[in-house]
Structures are given as C-alpha cells and as structure tokens.
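> Here are the chains, one letter per residue:
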Amino acid sequence: DGGITQSPKYLFRKEGQNVTLSCEQNLNHDAMYWYRQDPGQGLRLIYYSQIVNDFQKGDIAEGYSVSREKKESFPLTVTSAQKNPTAFYLCASSMGQNQPQHFGDGTRLSIL
Amino acid sequence: SQQGEEDPQALSIQEGENATMNCSYKTSINNLQWYRQNSGRGLVHLILIRSNEREKHSGRLRVTLDTSKKSSSLLITASRAADTASYFCATDASAGNMLTFGGGTRLMVKP
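Just so you know, the sequences run in chain order G and D. Using this note's numbering, the first residue of the first sequence is number 1, and each one after it goes up by one. Using this note's numbering, the first residue of the second sequence is number 1001, and each one after it goes up by one.
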C-alpha cells in the first residue's frame, strides 16, 4: 500500500535538545511538505520541497531545519532555537500543481 | 496569516441532517481543497475544485465555489455519526501547490 509514514508517533524533547521527525513516502511524489498544527487550529507551513536537494521556507521556518537527499524522505529537525515546539507535526506529499496533498498520521511533540 | 476562514467554527447536528460549512478567502486562487481530520490523525483529502469550476460532487459531498465572492461551501448530506471530524478548507494560490489552511469547522453528528 502506498502512503506516507511519520515516526515516531510521540516525541519528547528536553531543553536545549534538537530532535528529528521522520517522514517517508512511497507514492513517488516529487513535492513534500511539513506543517505544524496547534490545538484547535489549522495547519501552518514550515518547509516544503518541490524536488530532491531543494527546499524552501514556509511561513514559520524559524527554529526548524530540513533536508531532502532522497525523493522518498523529508526529515524535519526541531532545533533548540524553537522556543515553543509543543505541537502536532504533519508531513504531506503531492504529485504537483492542482493535485491533492496526501498526509501522514502526524508526530506529537512535547517538552519534558 | 490564514487565507481561508471557515464558518461556523463548530457545528452540532443529528444523524440524518445535512451539514453545511463555509470558507472565505482573500486572494485569487488556482484551486480550493477540502480536507477532513479525525481527532489525532492526519488529514484526508475530500474534494479539489479548480478556479474555473463552480460545483463538484463526491458521494454525499457537494462543494461549491464562487470566485466573485471568494467563498466556498461544503455540504454533507444525510450525515452519519462517522462524519464527526474537523473539516478544513485550503487554498492554492501559488505556483508550487502550497496550501494555506483555514482554522477548520468541528462537526459533531449525534446518533
């Protein structure tokens, strides 16, 4: 079955620690996206990548970093510079223009 | 900033009734998409309507788009308890399929 896999489902971060969220897709999609969702809110775009080895900042990129070394993978690092990282993080992919996005089941990040 | 804003923020209805959710946006768009999210899960795509389309149907779902008023509506007919979820509209106004999401409508369907 094709889809997007996010791991882990739950993640805890200590003060001053960087943590990395995994996102893997086997849909052969070129474009991948990371969103942040706060309780009772919509999604906000953190980073996106249209093609391997290229990515762009979204609306709230500060305190986050990404890489896109393989078409299938788009990991997100939440750095210690992100002072309010507690949120639900969603990864998505799409075939391109005028196509829907397919989402993973998210990673919930909390602060210890 | 959020391009799309849903109305109402919350809606509670009985099973069998119809549910209507509205979305307003601010700029010209390529398309508008509706997604569903069950609690604690990822989003599931429901319908994509392009800027040159006025209405689309999918099963019990009907979406309309009025680009002159910059608004869209999602109608769920003959609702079921399993339709209980949050529903989001998202607009694509970019060259790169980047979506801007509204705050969502939380729908509760009581059995």
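Hints are computed from structural coordinates only; laboratory data are not their basis. Among the hints, a few may not be true.
[Unchecked claim] Not the full set, but computed from the structure, chain G residues with beta-carbon under 10 Å of chain D:
(1) Tyr35
(2) Gly40
(3) Gly42
(4) Gln56
(5) Gly58
(6) Lys71
(7) Gly106
(8) Ser110
[To be verified] Chain D stretches covered by chain G per the calculated footprint, using a threshold of three residues with CB under 8 Å from any CB of chain G:
(9) 1037-1046
(10) 1091-1102
These numbers were taken from a predicted model, which means no experiment stands behind them. Every residue, glycine too, gets a C-beta built ideally from N, C-alpha and C.
> Hints first: check each against the structure and report whether it holds.
Against the structure, the hints come out as follows:
1. With a least beta-carbon distance of about 8 Å to chain D, the hint placing tyrosine 35 (chain G) at the interface is held under the 10 Å criterion.
2. For glycine 40 (chain G), the suggested interface contact is upheld, since its CB lies about 8 Å from the closest CB of chain D, less than 10 Å.
3. For the restraint placing glycine 42 (chain G) at the interface with chain D, the shortest Cβ-Cβ distance is roughly 4 Å, inside the 10 Å limit, so the hint holds.
4. Hint status for glutamine 56 (chain G): holds, given a least beta-carbon distance of 8 Å to chain D, under 10 Å.
5. For glycine 58 (chain G), the interface hint holds, since its Cβ comes within 10 Å of a Cβ in chain D; the closest pair sits about 7 Å apart.
6. For lysine 71 (chain G), the suggested interface contact is broken, since its CB lies about 16 Å from the closest CB of chain D, more than 10 Å.
7. Taking 10 Å as the C-beta cut-off, the interface hint given for glycine 106 (chain G) holds, the closest approach to chain D being about 5 Å.
8. The closest approach between the C-beta of serine 110 (chain G) and any C-beta of chain D is roughly 14 Å, which is over the 10 Å cut-off, so the hint fails.
9. Three residues within the 8 Å Cβ limit are the bar, and the region 1037-1046 of chain D against chain G gives 6, so the coverage statement holds.
10. Counting residues of the region 1091-1102 of chain D whose beta carbon lies closer than 8 Å to any beta carbon of chain G gives 9, which meets the minimum of three for the stated coverage.
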